Amino acid sequence: MTNSETLQETSTEKETTWEPVIVGFLCNWCSYAGSDLTGTSRLQYPANIRIIRVPCSSRIDPVFIIKALQSHADGVLISGCHPGDCHYITGNYFARRRFLVTKQLLSFIGIEDERVQYSWVSAAEGAKFAKVVEKVTEGVKKLGPLKFLKREDLL
Amino acid sequence: MNYTKEIQEIAKKLFDEQKIDVFIGYQKSKVSKNQIPFAFKNADEIGSLVFDKQSSHNLVNYLKFEHSKNKKAAIIVKGCDSRSLNLCITENQVKRENLYVIGICCEGIDNENGEKEERCKNCVFPDPALSDTILGNPKGKIAYTPDPEMLEMNNKSMEEKQEFWDKIFGSCIRCNACRHSCPLCYCDKCVIDQTDSTYHHASTSKANASMALLTWSLHLAGRCVDCRNCEKACPQNLPLHLLHKQNEAVIYDNFQNHLAGVNQNDKGAFYKFSYDDPDDFIL
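Protein chains in written order, with the working numbering: chain A, 19 to 173; chain B, 374 to 656.
FYI, nobody ran anything at the bench for these hints, they're computed from the structure. Just so it is clear, the structure is predicted and the values come from calculations on it, not from any experiment. There's no promise every hint is true.
[As the list claims (entries may be wrong)] Here chain B is said to cover these stretches of chain A; the calculated rule only asks that three of the stretch's residues, wherever they fall, bring their Cβ under 8 angstroms from a Cβ of chain B: (1) 108 to 114; (2) 130 to 141; (3) 158 to 168.
[Claimed, not checked] Only pairs whose alpha carbons sit at most 27 angstroms apart, straight line, appear in this in silico BS3-like list of lysine-lysine: (4) B/K540 with B/K645; (5) B/K534 with B/K562; (6) B/K437 with B/K414; (7) A/K160 with B/K437; (8) B/K605 with B/K406; (9) A/K159 with B/K529; (10) B/K468 with B/K437; (11) A/K165 with B/K534; (12) B/K529 with A/K85; (13) A/K149 with A/K160; (14) B/K562 with A/K160; (15) B/K540 with A/K168; (16) A/K85 with B/K494; (17) B/K489 with B/K378; (18) B/K562 with B/K468; (19) B/K529 with A/K165; (20) A/K168 with B/K534; (21) B/K534 with A/K153; (22) B/K540 with A/K85; (23) A/K165 with A/K153; (24) B/K403 with B/K378; (25) B/K494 with B/K605; (26) A/K168 with B/K529; (27) B/K442 with B/K489; (28) B/K392 with B/K378; (29) A/K85 with B/K645; (30) A/K165 with B/K540; (31) B/K403 with A/K85; (32) B/K437 with B/K562; (33) B/K529 with A/K153; (34) B/K392 with B/K403; (35) A/K159 with B/K534.
Yeah, the Cβ is synthetic: ideal placement off N, Cα and C, and Gly gets one too.
Model the full structure from these sequences, guided by the hints.
This is how it looks when you write it as structure tokens:
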């Protein structure tokens with residue numbers, strides 16, 4: 019087999035197997051530690067997720083979600099502490115309100131519900147984090163790549 | 374609903390007693406059938422003041438401009454306008470003691486074709502929420518009904534929605550008139566004005582226009598009072614109210630029937646929370 023043949027083979031393979039890109043915004047105190055536990059407990063989860071650490075789930079401006087979807091991502095996962103467990107006492111309660119409205123607004127303009135997901139994952143729930151990522155990845159894979167409102171300068 | 378004479382009398386009296394520096398009211402327009410907002414500076418100008426069914430604009434917007442900022446002002450408010458005034462006061466943009474408020478019990482506003490405006494058909498709050506003088510007969514509470522156009526939009530498939538909004542965002546020219554005409558957009562430096570921030574760029578591409586409009590509508594979520602100044606100002610006639618109405622309906626259904634600015638000292642929906650807020654959408 020020559021070099022050019024192998025190159026051709028890999029390039030056709032790339033076209034057929036599309037993998038979604040998911041951006042994960044994880045709160046520093048619960049979900050980020052939870053995802054760390056997933057790793058240290060050697061649990062497998064899809065590598066489609068790119069994790070960004072934020073101080074609190076209420077740090078996440080809806081603008082972050084829209085920018086992620088416009089830039090390259092096909093889905094966004096946001097994860098924070100369970101209600102009552104917030105390091106800053108009430109941060110996730112404020113965030114919960116914003117998330118609900120943002121999610122509904124995005125689905126109103128035509129971005130599917132499965133693309134923008136929220137979860138509560140505590141620092142002890144490594145297994146839950148793996149499950150959540152699997153679920154989100156599956157959902158986005160079914161929908162296919164997001165083509166709506168992409169930034170042209172990045173495509 | 375024609376209170377021109379009554380308001381002229383009140384205005385003259387206020388100017389004579391030197392209680393106000395400026396009176397924000399309406400004047401007949403030479404171009405449009407709708408009245409235009411006008412800041413009257415003395416009693417001699419008051420003769421041209423009008424108020425009738427064509428007085429459509431929300432005047433609260435004009436309290437943020439130079440001619441009336443930090444001055445003693447009198448203002449005419451309808452039901453919807455009074456809600457935005459309430460919010461401006463709670464958010465420390467306007468001082469209540471500097472204001473003399475003439476509240477109108479609204480019977481619905483006509484558009485330029487002489488028909489009742491769309492928003493007035495589903496009006497929830499025709500009576501002024503705050504006033505020093507009330508004109509007209511209060512109607513009391515009216516049950517909230519979601520916007521029918523918005524509900525229709527919600528029932529469409531994702532492809533149809535994408536097609537619709539693709540056109541809308543594509544035809545936005547980023548003049549920012551919507552933001553400028555909004556009584557609740559008072560920030561000196563608005564995020565969507567930024568020319569080269571991480572998130573917002575001054576370009577008319579669909580991505581940048583959608584980013585600006587969505588951010589703007591989310592900043593107004595739980596605060597918008599449906600005065601539709603933005604839509605009247607929009608040179609492209611975009612249906613901007615759909616975004617606001619969608620947010621309003623979601624907030625009303627989920628957060629203890631929250632309606633912006635209905636009571637004095639009421640804050641926007643995102644300034645507070647409840648422990649019982651729904652979280653069935655969270656994994």
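If you check each hint against the structure, which ones fail?
-> 4, 5, 7, 14, 16, 27, 31, 34
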